[in-house]
Structure formats: structure tokens, C-alpha cells
Amino acid sequence: MTTAPPRSATVAETCSAAGFIGAHFQSTATRRSLGCARSRRGPLVYVGEVSFAVDPAREWAVCVYCASVPRHPELIELADRVGRAIADRGWTLVSGGGNVSAMGALANGARARGGRTVGVIPKALVHRELADVEADELIVTETMRERKQIMEARADAFIALPGGIGTLEEFFEAWTAGYLGMHDKPVVMLDPFGHYDGLLAWLHGLVDSGYVTKAALDRLVVVDAVDDALAACAPAS
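Residues in the sequence shown are numbered consecutively from 17, following the working numbering.
A few of these clues could be false.
[Unchecked claim] Between beta-carbon pairs, the in silico distance windows are:
1. ALA128 - VAL228: 35 to 41 angstroms
2. MET198 - TYR227: 19 to 25 angstroms
3. ALA193 - ARG87: 28 to 34 angstroms
4. VAL85 - VAL238: 21 to 27 angstroms
Note that these hints are calculated values from the structure, not bench results. Keep in mind it's a predicted model, so treat the numbers as computed, not measured. Think of the CB as a built atom: it goes at the ideal place given N, C-alpha and C, for glycine as much as any other residue.
Kindly produce the complete structure, drawing on both the sequences and the hints.
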């Protein structure tokens, strides 16, 4: 007897399994969208390729890159404080759309203070990172690259918290684009623990050896206090 090979879950099944309700999928030639659903809080959840257009009338938004694995108490507390601080300023939080580790603490902290949260997560990570169905807007993308593009497009400033290679990949892309003049948004590294001391020493060494310009390093804001990070992200008065 031949057993049929297991099939991959459809986008609809993936979202359904993650807890999205009232799913409705549609396709249009202009947006090439695979569909949308509504989460438990009622926001739109986009599935598939989505528009990168940004509403100029929206609130100021800060994208925060952070870890999705460790549960170190000091990291969770920091993420919670950053989320709350963003909400207290009336800004929107843009994050990776997961509800685990620092990523979850960040979004939950913002919502605890009445802040608006936008999560962007690839469908391959909907289960692994526990898609944040409580977000005011959750965007489920096809790829990691699309995730980063949307996060960058939806943000006015970027903060990197202590994290691993995923956090660093996102951070380096935003920083490099800023240095190359592709955007003029602040890029901030918030590190109260000395987590990135080795990385920063290496980067300064690259400046000394001529591999990185001082202008590139000057484009990055490095702080160890939450208030200083948010001050660096604030809109120009």
C-alpha cells in the first residue's frame, strides 16, 4: 500500500491553526494579495504579498528588533519597558509579530499602556514564534525578506535590543541602508548589559583598519538607557 506524501499546510490552514478567526481570502491583480483575516482583537491580518504603501497621516512608528528565544529576566524586563515607553509617547510599535521571549514582552508592554502594535511575521514562523494575534495589525508574509521590507517601510526609526543573529541581520540591514543614504531614519542600539561590547570593539577595529568608515559608525546611535533610545528616535521638532 502506497502512502501519499505529507502535504504542506495552506496559508489558510496555517493561520487557522495559529488562532486567527473569521478568515477570508481574496486575490487582486493590483496588490497580488493572497488574502486577509481578522484576529481576535479585530485587526486586519494580511496573508501573502502586501502593499508597501505607507499612510503619511499615521502615528510616528518605531521598529524594534529583538530576540525570540531567550527568557532572561533582565531582557524581558527591558523589552517590556521599551514597549511601554513607546506607547507612553503615543507612538506605534512595529515588531517581528511573534509573542515569545523579548518580542512578546515588547508588544504586550506596549498594549498594556494602550499603544498600537503592528507585527510582521513570515508564515513559516507563525507557529515557531507564536504569531501575535493580539496585535492591532498583523501582517503574515511569504518570506523573511518581505518581512524586513515591510518593517522598514512602516517605521520612522529603529531600535535594536540585545539579540542573536536574527536581530543582528535586521539591524545591520537598517543601519547599512541608513549609512548609504537610502533612508534618513534613526538607527539605535540599546544595550544596557554590555551584550554588544565585543561587536562594537570589532566595528571600531574595522574603522582603524580601513574596512569601515567613521561616517558609517557615526550613523549609529549607541545608548544604554531606554529614555535615551527613545529620545534618539523622536521626530524632529
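Verification of the hints:
| no. | hint | verdict |
| --- | --- | --- |
| 1 | ALA128 - VAL228: 35 to 41 angstroms | 39 angstroms, holds |
| 2 | MET198 - TYR227: 19 to 25 angstroms | 20 angstroms, holds |
| 3 | ALA193 - ARG87: 28 to 34 angstroms | 31 angstroms, holds |
| 4 | VAL85 - VAL238: 21 to 27 angstroms | 23 angstroms, holds |
Violated hints for the displayed structure: none, as all numbered hints are satisfied.
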